[in-house]
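J.: Residue strings, one per chain:
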Amino acid sequence: MSSTLTTKRGLAVAAALMSASLLLTACGGDGDGAADTAAADTGGEKSAGTRSVKAANGTVEIPAAPRRIVTIGNTGLPFIDLGGKPVGVTEVSDSDLAVLPKEQKAAYEAAEVVGGSGGDVDLEKLAALEPDLILVQFHSNDWDKVGKRLESIAPTVLWGLDTEWKAFAGEIATAGNVTDELGRQKAEFEKKVAAIKETYGKTIGDTTFVDVSRGDWSDPGTFYIADIGCSEIARDDIGLDLPEAAEGKDPLAYESLPFERITGLSKYDVITYPVDAEGRPTEPFVPVTETSTWKALPTVTSGRALGVFCPGNNSYGPVLQYLDSLDGALATLAGKP
Amino acid sequence: MPRPRRRVLGLVLALVVLTALLTLSVMIGSTAIAPSVVWHALFDPSAHPDQFAIRDFRLPRTIVGLVVGAVLGLSGALIQALVRNPLADPGVLGVHAGSSFAVTVAVGVLGVREARGYMWFAFAGALVVTLLVLALGSTRKGSSPVVMVLAGVCVGAVLGGAREAIQLTDPDAFDAMRYWNAGSITGRPLDVLWPVLPFFAVAAVLAFAVSGPLNALALGDELARAQGVRLARTRVIAVLALTLLAGGATAIAGPVGFIGLMVPHVARWIAGPDQRWIFAYSVLLAPSLLLVSDILGRVVMRPGEIPVGIVTAFVGAPVLVVLVRRRKASGL
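Line order of the protein sequences matches chains C and Z.
In case it helps, our numbering puts the first sequence at residues 80 to 416.
In case it helps, our numbering puts the second sequence at residues 20 to 351.
Bear in mind the hints are in silico, worked out from the structure with no lab data behind them.
Each statement offered as a hint is correct.
Partner residues aside, some chain C positions facing chain Z, computed with beta carbon under 8 Å: (1) E339; (2) T342; (3) S345.
Output of the computed footprint for chain Z on chain C, the stretches with three or more beta carbons under 8 Å from beta carbons of chain Z: (4) 292-301; (5) 330-336.
Keep in mind it's a predicted model, so treat the numbers as computed, not measured.
Every residue gets a Cβ at the ideal spot worked out from N, C-alpha and C, and that includes glycine.
Input sequences plus hints: build the corresponding full structure.
T.: Written as structure tokens, this is what we have:
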């Protein structure tokens with residue numbers, strides 16, 4: 080009995096606190112003073128009206144020029160890459176932060192962290208930031224958990240995890256009102272792709288490639304063939320002949336292969352593998368390069384195993400860095416049989 | 020056939036089966052490599068990548084499987100004799116829980132990611148928890164097997180909860196431990212074996228040294244005492260050997276279940292109740308079971324693999340049901 084009463088009292092107090100916080104949010108939404116002084120300028124003028132955007136959670140009415148944007152899940156770094164300055168973000172991994180350009184890292188660090196990368200968002204902290212727009216990309220289970228509550232705090236735009244990266248970047252730019260930078264990045268991307276295709280057209284046409292990788296989540300003694308992420312860009316935009324899962328099947332990258340399968344890589348002309356910004360094999364991939372089997376592969380001994388830097392594949396900035404690295408890697412093939 | 024002759028013959032047969040499985044383990048894998056390449060890799064080495072695959076991966080994996088299997092079998096036989104419970108295995112004394120908890124702390128709190136790094140934590144965790152269980156299981160009249168098992172189960176449950184809590188708050192730790200928790204000998208270089216091997220050797224000597232007193236202990240404490248067996252000393256030595264064996268095996272391969280449970284029963288069916296023979300059979304039969312399970316795990320889901328701990332669970336679960344339903348589960 081007493082425990083039931085305690086629980087009820089606890090719920091009542093929690094509900095009261097939540098209501099108060101939501102009330103404060105609603106009252107402070109268009110305020111001035113301290114809140115607006117801290118408000119990040121995302122490039123637009125102060126909100127003068129609203130517009131509709133289509134999202135995975137339906138058609139959402141958002142401010143025409145949002146000023147206080149919170150990014151949740153995978154939307155943070157792409158928004159920052161487009162020049163956005165969110166007031167709130169969710170955590171990103173140390174490895175992602177390490178390869179971020181200086182000014183983007185500063186924009187990330189200036190924002191308030193409102194939770195982990197999934198659905199464990201601190202809603203009170205988020206509400207206290209008085210956002211006028213929330214951008215979200217995470218698993219649908221996380222949306223089921225917190226989606227409605229996010230929508231009660233501010234207009235919320237959701238993307239599914241399967242959204243194609245160019246569409247994703249474009250829609251984030253539109254929602255966050257940072258389309259000028261998107262246009263510049265897009266033009267640079269198209270120029271780089273065209274240049275690579277033109278420079279290495281013959282190599283691309285005559286060579287079979289395989290992109291291999293290993294993550295820090297990979298089981299000991301296993302690696303995988305990457306057919307999503309940066310290798311998807313190499314295949315679909317550049318035209319590299321890379322292995323791909325059959326239609327309707329899971330990506331090859333989801334299949335952990337035991338190290339003895341390294342021998343099977345010898346059937347490809349060129350192997351690409353992940354390296355860091357300094358060109359060293361990434362830490363999780365080092366166990367592969369340390370095996371005698373890898374060292375004995377004809378592709379490796381003949382210098383046709385190429386390290387490629389892929390800082391990310393969700394927005395144009397990191398993809399442009401990837402293309403630069405791929406360009407450099409392909410250049411080393413010149414003159415090799 | 021007289022029992023002594025049958026025992027020796029059975030032991031020779033077990034050795035032949037084990038040798039055949041060792042050969043198969045080197046020959047069969049997730050990639051098809053011709054037997055001639057395997058032969059050359061072992062006896063006429065060159066720098067061919069396929070030969071490296073044999074020498075780098077299959078051979079170490081087979082040796083690790085041989086040692087881990089033998090150790091798990093011996094530790095299973097030891098604990099069943101010690102606690103006089105035919106359904107006991109090293110996990111009952113909290114060995115697996117202690118190892119898993121220590122590895123979780125190493126991975127989640129200290130950021131250790133490689134098997135070579137956290138195996139010592141697994142070993143230390145097993146040792147500390149077993150000593151704790153031994154202390155909790157000691158009554159004023161001495162150590163009681165029943166109280167010891169209860170203490171092991173309780174400590175295991177508490178540590179299991181703590182481990183879950185850490186893993187839930189740190190998904191990276193959970194990811195890094197996923198494979199180890201399933202029980203696997205994939206990707207274990209021989210480097211992980213050498214440091215633990217001396218402990219295994221000492222533990223095996225200790226185990227065989229107390230096999231005689233454990234025979235007497237099977238008759239009950241009073242009769243054993245009447246035969247001059249020093250109960251406390253026997254139990255402490257057995258627990259020490261058990262910890263070194265099960266802790267070391269868990270450190271290398273993760274918690275591989277059922278091997279330590281099933282094999283001593285088979286050994287008992289063949290060799291009778293003499294612990295010396297049961298121990299000897301377990302040392303030969305357990306690696307055979309582990310290697311068969313590992314080979315199955317390599318081929319049933321090509322090109323991927325199933326960890327050996329999952330295969331032994333599939334094989335072991337029905338056997339456990341049979342054991343539980345038998346009126347005298349191969350009577351101890």
